[in-house]
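2 protein chains.
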Amino acid sequence: MSDCLFCKIIAGEIPSDQVYQDEQVIVFKDINPSAPVHLLVVPRLHIDSLNDMDDTHSELISHMMLLLPKIAKEQGLTGGFRTILNTGTEGGQLVFHLHIHLLGGKQLPGF
Amino acid sequence: MSDCLFCKIIAGEIPSDQVYQDEQVIVFKDINPSAPVHLLVVPRLHIDSLNDMDDTHSELISHMMLLLPKIAKEQGLTGGFRTILNTGTEGGQLVFHLHIHLLGGKQLPGF
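Chains C and B supply the protein sequences, listed in that same order.
Residues in the first sequence are numbered consecutively from 52, following our numbering.
Residues in the second sequence are numbered consecutively from 52, following our numbering.
These are computed hints drawn from the structure, not numbers from a lab.
Check each hint, because a few of them may be wrong.
The list treats identical chains as one, so a pair stands whether inside a single copy or across any two.
[To be verified] Below, a list of computed lysine to aspartate or glutamate pairs in the EDC-like style, where the Cα atoms sit at most 16 Å apart:
1) 59 / 99
2) 80 / 68
3) 124 / 105
4) 121 / 73
Let the sequences and hints guide you as you build the complete structure.
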């Protein structure tokens, strides 16, 4: 087993507040939310970052992206939502297991 | 022809500073950059937002996502980059033609 925080969450070794799961991904609440709704969409497969994805991951990444509006709708985010994917240290990535932030529940500011 | 700003850019009716294009997408510089590198990855196909994507767009969205690290590498963003997709007004979406922001060139802050 790796020391990866998200792999441990996926394995159930560390608790998380899950809102969705399927064969490919789990979705749970960020423990330091930046908005009323702040979820992380995380593939079960350990991939360090978007830099490590290639054509073999096409189906996985499209599944993750097309899942976002469905999750947003389930969460009642009818007015909209923001999706952020940080890649690498300079991109602000803190956990090196690929994850997509889904934020909403208030008017989100510009950049 | 619609009044869509990005459709006009794609059609060449409005100039843009393009850095990449292929059969499915164009990539050009944001006119109000929020970072030293701030690009927009835009599908040629008019889709209002991520809310309007379904399984028929799987290949397109995976193409866009897997293109991001390639573009980032071409732009010299070896330290990392951030990807933002705003969906709907509350998500901060300003132009209702789906687009992915690619930001980098400095240490990007937390949320």
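*With identical chains treated as interchangeable, where does the CA-CA distance between residue 124 and residue 105 reach 16 Å or less: within a copy, between copies, both, or neither?*
Answer is between; shortest inter-copy Cα gap is 14 Å, intra-copy 29 Å.
*With identical chains treated as interchangeable, where does the CA-CA distance between residue 80 and residue 68 reach 16 Å or less: within a copy, between copies, both, or neither?*
Only inside one copy: residue 80 and residue 68 sit 6 Å apart there, 38 Å across copies, limit 16 Å.
*Is it within, between, both, or neither for residue 121 and residue 73, if the alpha carbons may be no more than 16 Å apart?*
Answer is within: at 13 Å inside a copy they meet the 16 Å cutoff, but 29 Å across does not.
*asked:* For residue 59 and residue 99, with the copy left unspecified, which applies at a CA distance of at most 16 Å: within, between, both, or neither?
replied: Classified as within: same-chain Cα gap 14 Å, cross-chain 37 Å, threshold 16 Å.
Hint check: no violations occur; every hint is consistent with the structure.
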